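Next come the chains, spelled out residue by residue.
2 protein chains.
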Amino acid sequence: MNDDAIVLPHRHKNPNRLSLDLIEAQYALKNSWGKKNAKSVLVLVSGIELAGKGEAVKQLREWVDPRYLRVKADPPHVLNVNQPFWQPYASFIPGEGQIVVMFGNWYSDLLSTAMHVSKPLDDTLFDAYVKNMQAFEQDLKNNQVDVVKVWFDLSWKSLQKRLDDIDVSERRWHKLHGLDWRNKKQYDNIQKLRKRFSDDWIVIDGEDKTKRDQLFAESILHAMQDLPEHPDQGTINWTQALVPDLLLHPESDALEHDQYKKKLKKLTRRVAEALRYDERHVMVVFEGMDAAGKGGAIKRIVKRLDPREYDIFTISAPEKYELRHPYLWRFWTKLENCSDIRIFDRSWYGRVLVERVENFANEREWQRAYDEINRFEKDLIDSQTVIIKIWLSISKDEQEQRFHAREKTPHKRFKITEDDWRNREKWNEYLNAAADMFERTSTDAAPWTIIATDDKYSARIKVLKTILKCLKTT
Amino acid sequence: MNDDAIVLPHRHKNPNRLSLDLIEAQYALKNSWGKKNAKSVLVLVSGIELAGKGEAVKQLREWVDPRYLRVKADPPHVLNVNQPFWQPYASFIPGEGQIVVMFGNWYSDLLSTAMHVSKPLDDTLFDAYVKNMQAFEQDLKNNQVDVVKVWFDLSWKSLQKRLDDIDVSERRWHKLHGLDWRNKKQYDNIQKLRKRFSDDWIVIDGEDKTKRDQLFAESILHAMQDLPEHPDQGTINWTQALVPDLLLHPESDALEHDQYKKKLKKLTRRVAEALRYDERHVMVVFEGMDAAGKGGAIKRIVKRLDPREYDIFTISAPEKYELRHPYLWRFWTKLENCSDIRIFDRSWYGRVLVERVENFANEREWQRAYDEINRFEKDLIDSQTVIIKIWLSISKDEQEQRFHAREKTPHKRFKITEDDWRNREKWNEYLNAAADMFERTSTDAAPWTIIATDDKYSARIKVLKTILKCLKTT
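Chains as they are written, first to last, in the UniProt record's numbering: chain S, 1 to 474; chain X, 1 to 474.
Derived from the structure by calculation, the hints contain no laboratory data.
In this text, all values refer to a predicted model and were calculated from it rather than measured experimentally.
Here are the simulated DSS-like cross-link-like pairs (lysine-lysine), alpha carbons at most 30 Å apart as the crow flies:
| hint | chain 1 | residue 1 | chain 2 | residue 2 |
| --- | --- | --- | --- | --- |
| 1 | S | K261 | X | K211 |
| 2 | X | K265 | S | K209 |
| 3 | S | K320 | X | K35 |
| 4 | X | K265 | X | K299 |
| 5 | S | K334 | X | K320 |
| 6 | X | K30 | S | K408 |
| 7 | X | K266 | S | K161 |
| 8 | X | K13 | S | K262 |
| 9 | X | K415 | S | K141 |
| 10 | S | K161 | S | K209 |
| 11 | S | K334 | S | K320 |
| 12 | S | K415 | S | K426 |
| 13 | S | K472 | S | K262 |
| 14 | X | K412 | X | K265 |
| 15 | X | K299 | X | K262 |
| 16 | X | K36 | S | K412 |
| 17 | S | K211 | X | K299 |
| 18 | X | K30 | S | K299 |
| 19 | X | K211 | S | K299 |
| 20 | X | K263 | X | K396 |
| 21 | X | K299 | X | K456 |
| 22 | X | K262 | X | K303 |
| 23 | X | K396 | X | K412 |
| 24 | S | K469 | S | K262 |
| 25 | X | K13 | X | K30 |
| 26 | S | K30 | S | K13 |
| 27 | S | K211 | X | K265 |
| 28 | S | K265 | X | K211 |
| 29 | S | K408 | X | K35 |
| 30 | X | K209 | S | K263 |
| 31 | S | K412 | X | K35 |
| 32 | S | K36 | X | K415 |
| 33 | S | K412 | X | K30 |
| 34 | S | K261 | X | K209 |
| 35 | S | K211 | S | K161 |
| 36 | S | K266 | X | K13 |
| 37 | S | K266 | S | K299 |
| 38 | S | K13 | X | K299 |
| 39 | S | K30 | X | K396 |
Bound-form chain S, shown alone:
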């Protein structure tokens, strides 16, 4: 970023007027929740120590209604290969109508990591991180989370003067991020690095405290006031992918029960071993029509695992509070605090399947989702995760038979609802949605595997073999 990256029109309102405008904008933002122009505001603040980011937020919080301005301050997390940069912050991303200021954020983590003397980041890696962060923020913006990034700057001379004057009792609020701010070389290095940030930062000079606070508040006001209607329609030039033959004709040779039992015994053991042996996180994702055998396949995967080794996520319609966030948010937050082996019975692909077919997402939203999903998966793959995506393909006739069988079996009767019958009517639309999904999200790093399931036994064996193939084995 350049120092004059974003120039705000600042008329320097009188503080009372500014405070009134801020409160009006804050409540308008708050009340936008659930409406056509709803959005949220995420403010990332970073900067030179003692440039006054704390004071500026404090002043802002005095001008607004402090109850509706959440502040999140985290000590820096060193970026590591085991989790995406957004993971520690995901659950604090504001929902519609909310505004959150993050002192600790992915950029402060990046700077901390880059400055970490024992193993500094090189420029190429630094730039790659910045690019990824920007892409993530663009996804947030597309999903009505406005991201405002503010750098509080301070000259070397002023910083030294402020360090001389610092009040001892307040020192706990200037933890100095483990850096030596008396060291000119470190200061220069930080300045050099932050200039590699993107151009959409607002740079505020911390020299003049009044101007600083005012400029910061005006930037936030500006973001809160900007509540555009979200367009419903996107690009209409949509080329429908061809439905793969395996979806139209999911036949396969039947496997004898004896054969199946023998293979199953061997494979469940080998899969358990491979899942344990592979040091990466493993995500197995199942999609497919109802009754295609997702539950049965999952049962066989975990057969030889200890229940403490894995988590199964069964995905259904989002909760109301989840709808307040970007679609993928509920998956970001699920990945905190879970086992290394994660099995998804349906997944984020709901966005381009059921949400597309049932019009829960508009065209613009589901058409954008393929890229969002690919980026999400790439972030995970870059963080030591293997993603195994399996489509279980059943024929319409076989599904009907299984539905009838379920209705007759006491312990399966719960598994069938009117929705299931209703979904059958949109069979071809689901096939089309699946076809587009394969075409656009079957990446080199996370390809789809389609498995025919009209014969249950051979399908289960194929699922286990697919998983084995994707894992490192002893």
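Model the placement of chain X on the given structure of chain S, informed by the hints.
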């Protein structure tokens, strides 16, 4: 607990029958959500190493639909003075319709802590913990979370034999909790300690693996099948407390603006210092009628604080997913991951105020809530927390004037809704509810302070003084 604490009728069903029954019960539980007989099941498992708790849960998960049986395994947390024993587990307590098995739980933490050689717990403290845990579980049960506690036992001789035979490759699943299971003295000590647990544990002998798994599954089946209707009515012999005079006549001497400004300047500084200096967590809880000045008071408390030092929680109606849990659950989970200074603009007292007056809670529920709240606060106070509870008392006339003023002021207009006017109609019911609240929840450790607010200036000064009085100062 005695070894035969709970004797289950076990006919030893055949495994297929048992599996069918389990699945039926599991779906019935799942589908109970939102209905009259809704509940959830929390299974706490502990026991002697290698007695087979992992295997028993694994077998259970094979018999049921594994997608709807969540398993949570945590390494033990040493119990410490800084957080209640339930804190690390609060967010994993199952909601209505759900079932969760916790391997790590407050009892395994208690045993770990007690066995911790450098600073062992004495029996009195151990027993006090057990008693607290039981009280917490009773609150869970009263709120439709069934708690099933299972101890997997194993004789010393069998344990030694199993340690001889243990498969090296599976050792990672027998972390042995940092204990030396070859040490007879330690084994005896664990046995001695767990016998101090309450009598409602199910003890399962791990000797015979088939019996063990079956008995465990039957215990869970038993819990899942038991879906009683929740009674709406409780004790009716309710003695209404007298409404304190300060609620009926919240007059006070008016404070001049100059005086106010002078006092405010001094007090905001002293409050900030005291909040920082006090090493305990601080919770300031505001309740009171609309427009009583909660927002204004909060603004003055945080005036001299850095925005990173505190969190403000503004409590309104629970979200749908929160209603799936015990009423206090959303407060339990809020206390994870927040600052040491926590300010509540309305709070858990909503249960005995708005929920009582508006019939969102039935009599049984709100009448029980006083004890639940007192226990909740005691757990916090025992964990180094000071709770400052302030009722801002406004007169009906003054409220009306403030409502009108709000409607006329652009930046306050958002603060007033039709609900606010409607609530005025129930003025006396709210006063009665407040009176009962004071009488039943003004404890020695966390008393209520009532502050008259018809004069805003003097009210704010009193709020600051009240906080100062409750804190340790330099």
